[in-house]
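Visitor: If you want the building blocks of each chain, they are given just below.
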Amino acid sequence: MWRSVLDGRRLTFHLAGINNQNFIMRDEETGSWWQQMTGMAIQGPLAGRALERVFHDELTFRTWRRERPGGRVLRPGTDSAWVEFSEDWERETAQYPVRVRRKLDSLLPPRTVIVGVEVDGVRKAYPLSAVERQSPLHDRFAGGTIVLVLDADGRSLRGFRAELDGQGVELFRQPVADSLRLVDVGTASQWDFTGTAVAGPLAGRQLTPILVHKDYWFNWKTYYPETLLYALGSR
Amino acid sequence: MLGMLLAAGVSFMVVAVPVWLIRPFTPQSEAGLGVSWTFKHWSPAFTLVLLVLGLGLVATVWRGASGWGRALALLLLSPLAVTAWFARQNHFEWMFAPLADPNFARVAEADWVGHDEMVLAVAQDEDAAAYPVRQLAYHHLVQDTVGGIPIVATY
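So the protein lines, in turn, are chains A and B.
Residue 1 is where the first sequence starts when you use our numbering, and the numbers rise one by one after that.
Residue 1 is where the second sequence starts when you use our numbering, and the numbers rise one by one after that.
Please note that a few of the clues may not be correct.
[Said to hold, decoys possible] Far from chain A by the CB rule (all over 12 Å, computed), these chain B residues:
no., residue
1, Trp-37
2, Gly-56
3, Trp-112
4, Met-118
5, Pro-132
[To be verified] Just so you have them, the derived chain B footprint on chain A, three or more residues with Cβ under 8 Å:
no., stretch
6, 3-10
7, 54-64
8, 107-118
9, 128-140
10, 181-188
[Stated by the list, open to error] Away from chain B, derived, C-beta distances all over 12 Å, residues of chain A:
no., residue
11, Asp-27
12, Ala-47
13, Ala-81
14, Ser-156
15, Gly-200
16, Arg-205
Please keep in mind that the hints were generated in silico from the structure rather than gathered at the bench.
We put the beta carbon where it would ideally sit given N, CA and C, even for glycine.
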């Protein structure tokens with residue numbers, strides 16, 4: 001997700017190459033090539049320049065609808081290639097969980113789904129399975145604490161800085177049936193999936209969201225070789 | 001004739017090399033990307049020049065040529081025409097049609113998205129947009145404006 005304005009000029013993009021999910025796009029205005037994963041121009045007159053990231057969440061449609069009942073949804077295309085793709089997609093995603101290939105010399109199987117986070121220029125990857133087991137998952141790195149949270153559906157994912165007014169916030173999940181409720185240890189305020197306190201002394205306060213990416217480990221590691229990796233099993 | 005063959009060969013290479021280097025499921029080297037970009041960037045002009053030269057060559061031999069000679073000349077001209085045409089195409093957009101004019105539906109109308117389907121959600125001020133991952137995986141990129149901010153949604 002990228003802001004498509006650079007130096008005050010709006011850029012118009014076209015698909016220019018495919019490499020799984022890290023495709024290349026070309027802007028009409030200069031013909032430069034941009035890497036989808038990093039938002040950086042890799043060839044052409046703008047090579048070396050970077051697009052600005054746009055904050056976004058990856059949520060289930062159910063969660064998004066609940067939070068944004070007045071929102072708008074992208075309509076699908078109607079061409080036959082799309083219809084075919086859509087039907088294949090249906091079949092492939094029905095094969096969840098994804099099969100994993102093992103490689104002896106890597107930290108994680110390459111196709112392990114991870115949640116990638118960046119804080120103050122430092123990157124860290126968290127196996128999705130760890131997040132699923134521990135949600136809300138707290139971790140200290142890059143001089144701060146973050147918390148990764150899954151919604152009650154177990155699929156919508158968000159990340160936040162686990163800090164307010166310079167103090168750490170530790171959250172526990174309340175066993176509530178159909179919606180996510182978190183409680184913080186310090187004040188016993190209740191928090192929802194948007195990181196907003198809905199009840200208690202901190203009611204109305206908002207945790208700072210951080211951008212999180214779901215990706216395959218091999219892909220994340222290729223583009224961010226210096227990434228840290230959350231140690232499985234550690235608290 | 002040799003000149004025509006040479007021109008056709010060069011024209012083909014200029015167009016084919018980037019197609020070969022930028023193919024799915026293979027990593028691209030820095031050098032490969034550089035070569036591909038340069039070839040792709042200059043191929044429309046380059047192939048057109050070769051085509052014009054080819055037309056010129058055909059024109060010079062046309063008068064004195066036999067029926068077979070003329071047919072051969074036209075045959076050798078066709079790869080130059082094809083590559084000149086292909087240089088101006090975006091074959092990736094044949095495989096994954098771009099969404100020229102993104103249209104949106106209100107939440108209540110969005111009956112093609114399942115409850116458990118993933119969407120990428122962007123919000124700015126009061127404008128909240130959802131891009132179903134399935135659709136983004138096909139188009140690869142969708143250009144939109146959210147809360148006044150021009151964005152390119154990618155997956």
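Visitor: Would you mind marking each hint as holding or not holding in the structure?
Guide: These are the hints, each one checked on the structure:
1. Trp-37: It is violated; B/Trp-37 is separated from chain A by about 4 Å at its closest Cβ, not greater than 12 Å.
2. Gly-56: The assertion about B/Gly-56 holds, with a minimum of 28 Å to chain A.
3. Trp-112: violated (6 Å)
4. Met-118: violated (6 Å)
5. Pro-132: Incorrect as stated: the minimum Cβ-Cβ distance to chain A is 6 Å, not above 12 Å.
6. 3-10: That given contact holds, which follows from 4 residues of the stretch 3-10 of chain A lying within Cβ reach (below 8 Å) of chain B.
7. 54-64: Three-residue rule met by the stretch 54-64 of chain A, so holds; n is 10.
8. 107-118: violated (count 0)
9. 128-140: violated (count 0)
10. 181-188: violated (count 0)
11. Asp-27: Answer for A/Asp-27: violated, closest chain B Cβ roughly 9 Å.
12. Ala-47: violated (9 Å)
13. Ala-81: Nearest chain B Cβ is 6 Å from A/Ala-81, so the label is violated.
14. Ser-156: Answer for A/Ser-156: violated, closest chain B Cβ roughly 8 Å.
15. Gly-200: holds (25 Å)
16. Arg-205: holds (19 Å)
In terms of the numbered hints stated before, the structure departs from hints 1, 3, 4, 5, 8, 9, 10, 11, 12, 13, 14, listed from lowest to highest.
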